[in-house]
Amino acid sequence: MDDSQAPRPEFPIEDPERRRFFGKVGAICGSIAGVIVAIPAVSFLLGLRKAPRDWRVLGKVEEFPVGETKLVSFLDPSPLPWAGVTAKTAAWLRREEEQTFIAFSINCTHLGCPVRWLPEADLFMCPCHGGVYYGDGTVASGPPPKPLPTYPVRVREGNVEILTTPLPISGE
Amino acid sequence: MGMWQRLWHWFDDLTGLGATLGPMMTHLVPRAKKTRWFYVLGSATLVVFLVQVITGIALSNSYVAGSGQAYESLRFITQNHLGRILRGIHDIGASAMIILIGLHAIRVYLMGSYKYPRQMNWLTGAGLLLFTILMAFTGQLLRWDQNGFWTAVVAAEQAGKVPIIGPWLAHFLLAGDTAGGATLSRFFAARRSG
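Protein chains in written order, with the numbering used here: chain A, 1 to 172; chain B, 1 to 194.
Bound-form chain B, shown alone (with noise of 0.2 Å):
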């Protein structure tokens, strides 16, 4: 046994790694033909994801989730030459994931992958869209640009159209009763708990 298998079995025996993540790396697939590109849609959502969360957190090194100083914060990102080049990768990523979400779903409803004994993907996969476009939507409001600004009013007029508790939810959305200094804190603290 060479010194990496060693090191490997080291690890994996403390880890149970291999038992962990095997089960699933080694599980059967069908046999695609002419339909086996329909197959990459969900890893390459994930790899896209995976692109947003590297270049968001390279972002966020930048970016001030502050009213008045956000939309600064922004342009001098944008003024630096690999940040411009960041907040594309990033913007196109956000679009590029919905657009292959939508496309996923559609494939894995056309080949009925949604039945028995896979009703919990489905269900999980559902989750995981609302996730996704409550990521993009305030995404879009983070720019605190006029955009951002109308987009948390609007998101605010949205939920006050909720029955019974509307005004309250709009109001718990703004973080106060107009949109202000509070309001952008409060999109990007829900943002981080995402």
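Here chain A stands alone, though its shape is the one from the complex (with noise of 0.2 Å):
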């Protein structure tokens, strides 16, 4: 069945003035009620979980004995109830001295895999693409743009804590 043919039935309009004013009424109107619904939506959607920055016990100080570099697992900034295994995050924590500790991220910079540290060769190496870091954490080859960062880490009460810090992502 062809419509196209069907002649067209002609409605006059009455006052031409008066449709058009109902029509940017029409438009105004839905355009606030659309506002109203997009702006909680939107922003909701947006403005998920802004990491607090809290210090995290990692364990006793003589846990950690000098020179040693140790894989911890901690909190994360923002642990969900539903969250599971992924509640936890991780760095590679090192005690040079004493009472000096240094955490590196376990993010490499490349595009974030998590690297591994390889005692008997002193370094970091990244699974993904080859990515390697000498033990300060500079690069020392593969594709990663800066070295790996590191987290403020604390001695308090003959506990070593850390600094929860947001997934490092390095840009260019």
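If you are wondering where the hints come from, they were derived from the structure by calculation, not from laboratory data.
Derived, one-sided and incomplete: chain B residues facing chain A with beta-carbon distance under 7 Å:
(1) Ser67
(2) Gly68
(3) Val153
(4) Val154
(5) Glu157
(6) Gly160
(7) Pro167
(8) Asp177
(9) Gly180
Here chain B is said to cover these stretches of chain A; the calculated rule only asks that three of the stretch's residues, wherever they fall, bring their Cβ under 8 Å from a Cβ of chain B:
(10) 77-87
(11) 105-115
(12) 163-170
This structure is a prediction, so every number in the text was calculated from the model and none was measured. Don't be surprised by glycine CBs; every beta carbon is placed ideally from N, CA and C.
Since each chain sits alone in its own frame, please combine them into the complex, following the hints.
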């Protein structure tokens, strides 16, 4: 069936001015309604979880022998009740001297894959694209554009503590 | 006129289905001789897509899109005999779809099928390719095993390389400052929206 051939019924517009006016009123009211819905929806979507920065206890100072680099895992800055194992994050912690610690990010600065500490080689190595870092976190070879980030660590009442930090997004 | 024919006429009269689909189904295609098999790649992709939809819906009945339970629900599916087969089909189907699209794109390019009057076909094809890649990517992430989790982190780092809005985009993808409980839900929501 082809409707295009059928004669179109004519609807004379009695007052075009009035019709235009109500057309505008409809558009304005519709836009206002749209904005009222969009504001909470979009801001809820964008405003999730600005992570607070808290100190987390990693363990007693004696648990970390001087000169050794150990993997430590601790609670994420903003753990959610349903996060399961992903509520935890990790760092490579080294006791440099009696009271000085240094903590390296586990995220490679290339694309964020988890680097691994190889004690025999004194190197951090990334499994994804072969990024390699020296023991002090500077780049030895591969694609990483920057040294491994370090996290603030402190010793309080015999405990080693780390400051929770957002996932380092290294950018360019 | 038989009963089925009358039923179809009644249905077609009310829905206009025949007028909508008819021209597409009776559209003439070139008489292909030795190249005729190359013309199946597009419809093969469609078939695989339908398989993905069916297996995907079936899998989603047992999948839990929660960070703490996603992996456990996957193990539950895999321990079931048919569940394992279903996951296998969905997994292989995802790869098959990407490969078939690649072959189809090569076919279209080599035969010049993108030329006038079909420029828009090429462009919608490019859009569908992008959609398929995003689905494959979020699908791999959904497993939420080591590979899936680090896929989310790598996605955020990649997004972070976009000029100016990079860090904001990374935050948006992770649904926060770290990869955790909200991240999987965000990718699952994005996938559902697709």
